[in-house]
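Peer 1: Sequence:
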Amino acid sequence: MEFEAIPGVGEKTAEALSELDDAERALADGDVAALARAPGLTEGRAAAIARGAIRRRHDDDGRFLATDRAREVYRDVLSLLRERTVTTYAEKRLETFFPTASASRIEEVRAFTESAMERDPDPVVLAALEGVEPLEPASGIRVRERCLATADAERYAAAKEAFPELSVEVVEDARGLSELARSYATVVALDEAFAGVDVEGDVRVRPDAAEHPDEIVPERVLAFFAQNRERIRAAADVHEAAELDAPCDLDSLRDALSRLDDDGTIVGDEELDRLTNAVDDVDAAVSTAESVANDHLRDAIRERDVTIEGTDFLSLVEQGARVDSLLSRELEDQYADAVATAREHLIESLSLRPEEADIATRVFSDDPSFPVDYDEELVSRLRAELKAGRDRRAVRLKRELAADLSALREPVGEMVSNALELDVELAVSRFARDFDCVMPTITDGDTASGTGFSIEGGQSPLLDVSFEAAEPVDYGVSGVTLLSGVNSGGKTSTLDLVALVVVLAQMGLPVPAERVELERFSELHYYAKSQGTLDAGAFESTLRDFRELVDGESNRLVLVDELESITEPGASAKIIAGILEALDDQAATAVFVSHLADEIREAAGFTVAVDGIEAVGLENGELVVNRSPVKDHLARSTPELIVEKLAGEDGSGFYDRLLEKF
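Numbering (full-length UniProt numbering), first residue to last: 1 to 662.
Worth flagging that the hints you see were computed from the coordinates, not collected in a lab.
Small disclaimer: the values here were computed from a predicted structure and weren't measured.
A portion of the hints provided could be inaccurate.
[Said to hold, decoys possible] Simulated crosslink set (EDC-like; lysine to aspartate or glutamate; CA at most 16 Å straight-line):
(1) LYS631 with GLU456
(2) LYS631 with ASP474
(3) LYS387 with ASP202
(4) LYS387 with ASP283
(5) LYS387 with ASP273
(6) LYS160 with GLU211
(7) LYS398 with ASP263
[Claimed, not checked] Label-pair ranges, simulated between beta-carbon atoms:
(8) GLU179 with PRO7: 52 to 62 Å
(9) ASP59 with THR441: 16 to 26 Å
(10) ARG142 with GLU72: 46 to 56 Å
(11) ASP22 with ASP283: 42 to 52 Å
(12) ASP373 with GLU303: 14 to 24 Å
(13) ALA162 with ASP373: 48 to 58 Å
Note that the Cβ used here is the ideal one computed from N, Cα and C, for glycine as well.
Build the full structure now, drawing on both the sequences and the hints.
Peer 2: Laid out in structure tokens, this is it:
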């Protein structure tokens, strides 16, 4: 795949992506976690790249959100969705969902959404998701008790690159291998020429080492699973709680993980524990055994009178005998008992096997001496034997467990990925449930007349009131329409609702309404209300924006909130009328909120439709409003309602005359 063809991907980023094993799959799936493993890529950058790849695949130009206000609505939608995620992965993954004019992309997400809406956001599942994160590669592995050996310089260089965790040594012959075997628990010879060489120690000839890295360095697999153990366990819990089909046997997986410590070492093996403890305790055990022997001998000496004939004493002294020799005749049995006690203590305290006990027995000499002493060289040999046994046992167990876990690596990756994707689905499901959403009907429309949009029972979650308190709105527009109504009657909120529904629908997501049908719009242009009259430069810039607007696609949706505020009312009415004429010629769908409906209709060269959000009266000084716009109806203004109220309360006729002016 040509990575640089993706919008926003340059040469450096393309190189980073090429280092991933599954970059094409990750780009196709929008797998932000996998993309973020590329060198130098953050999750945010990975999400942007995934969006670019999706846009390219669906031929999307990224221009659907054509104005700042349209983009704000999209950001609000994303916030609502992200609030319903558990994992940071799902937050970033949701950024790959965006509104588009591409029918194929909308259908792709709709298929995902329809499946997601069937998911049950069970609290138990959500709790389990809290421990799930993307898997991380193992790092910082260094193995010191094992090395690689070769006589070939080229093979040496390749091994250094392939196995950074191990020392790689150059040897010329079997003698060199033998010397390495005395320094390392295991030596892996890479040259076929060493096959059949008889060398003392654990030497293995593996010319195929590069093809079986997990066998040569099982610590790679073990470190990976140790580092990600809690994430894997959480993903397994998610699968069970959500009743998902797991890609591997969860009991076997948990059993394998239970044999692994946090640092990647093997746990739960009695023999390895015995050898490890023996290596750690050998010095203390020998010292204690020595003390036991000497205490035993001292007690024997104290409890016994020793008599030596004068001629014997002279004979022994003349022969240069030490006191030890003098005592051996009288205390030989007691010395033997003391040494036997020491040997028994040493063997029992270290739980030595018969083959190990043979060395331990010779640590204390049969030749009588006082105080009893041990042979340091034999203690060192015992320690070395125990250490070699421990390392051989550990390596064998590591290889066995690594073989079990290697077979689980892909299924585990799939399982974690499924759990993370489930969080994305559950976020959509929770959104749909929280806001009573339905899937909208989207049509390609008729470019000659357009189908516009139709919303029944729409409720906006973007209002300042709770969603439950939001009044449902029915509204539909086909063509160009003016929306009139009283101040604070809900005109801007209606535009927000329309924009929200269209953004969600063209993201492929459910919408907060009872029923929605809309045309698949090419672009959304939403212009918020201007804050006060614009100066000449800003006014000119705004007119240029509308000049570009009326020149493009025929099936745009244009939402404009009180454009008349940009300049004087008389001029505004004429400008708006001209814009509406151009949009009508273009067969666009447009809703312009305005208090100048009469003036605009008079200035326009065609019959402009006018809808109204009608205030039905005043109650305790507050407007009572029908939030659903009434079709083909010019809504009365707030001043008119107040004058009407006063006319009904006062019989002087003054207010009646004012009312006639409306």
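Peer 1: Of the numbered hints stated earlier in the document, which are not met by this structure?
Peer 2: No numbers; nothing is violated.
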